[in-house]
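**Q** Chain by chain, the residues run as shown.
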Amino acid sequence: MNTEQHYAKLTQVFHDVFDDESIVVHPQLTADDVDEWDSLTHIRLVIAVEKAFGLKFSAAEVERLRNVGDLVALIDSRATH
Amino acid sequence: MATARQLELADLTEGKKANVSFSITEQQMRQFAELSGDFNPLHTDAAFAQAKGNPGPVVYGALLIAKVSQLIGMELPGRDGVWASLSLDFKRPLFVGQPAEVEGTVTSVHPATGLVELGIVLRSQGKVLAKGKAEVVLG
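If you read the protein sequences in the order shown, they are chains A and B.
According to the numbering used here, the first sequence is numbered sequentially starting from 87.
According to the numbering used here, the second sequence is numbered sequentially starting from 39.
Hints may be right or wrong, so weigh each one.
Claimed, not checked - Below, a list of computed lysine-lysine pairs in the BS3-like style, where the Cα atoms sit at most 25 Å apart:
no., chain 1, residue 1, chain 2, residue 2
1, A, Lys-137, B, Lys-54
2, B, Lys-90, A, Lys-142
3, B, Lys-171, A, Lys-137
Said to hold, decoys possible - Sample of chain A residues with no beta-carbon within 10 Å of chain B, all distances over it, derived:
no., residue
4, Tyr-93
5, Ser-108
6, Ser-125
7, Asn-153
Worth flagging that the hints you see were computed from the coordinates, not collected in a lab.
Here a beta-carbon is modelled for each residue, glycine too, at the ideal position from N, C-alpha and C.
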């Protein structure tokens, strides 16, 4: 699966977690851009991403994420190793 | 005042349990009626409760949830947990003065986020009063 496919899959995860199909997932997207993206929803999002991509992140990896671009880079790095 | 336990993520392995034993007094029922504004006679009027087929006033469901709060806030995981969600199905009523317990069991731990899922069961005299699950974030 390439980066473009990861964004497509991630978009579906975002729509499910936030129950909002209008969210456009792009590299610069952050919690500041989505009203419902609070600390608890962030946890639910991370868990949903892990489940969707069949991955397990560490606490340090999650803490380093600054935006969706970082998240996709993390997914990409796991998918290619 | 009681002191909350301080369990860490590493202490919370799947299957770990904790419980709190309790019974609800008439005074606690009166205090909760005042606090909540819920004076439904099923909870406040013994004759009414008996006419509905109960041996006495039915303990407020929210008081059972209060004991879940004690379990999470004081025992599992205690001081460093933040309660994130609760779903609970009530199966049977509890009556004033009846001994009961609430038990929590760790069902999953998510190290990357600190989210811990607990199975929650309330029992009295060997029968399940309520059953559900709770999410707690350890921070």
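**Q** So, for every hint listed, does it hold in this structure?
**A** Okay, the hints, checked on the actual structure:
| no. | hint | in the structure |
| --- | --- | --- |
| 1 | A/Lys-137 with B/Lys-54 | holds (24 Å) |
| 2 | B/Lys-90 with A/Lys-142 | violated (53 Å) |
| 3 | B/Lys-171 with A/Lys-137 | holds (20 Å) |
| 4 | Tyr-93 | holds (21 Å) |
| 5 | Ser-108 | holds (25 Å) |
| 6 | Ser-125 | violated (8 Å) |
| 7 | Asn-153 | holds (18 Å) |
Of the numbered hints listed earlier, those contradicted by the structure are 2, 6.
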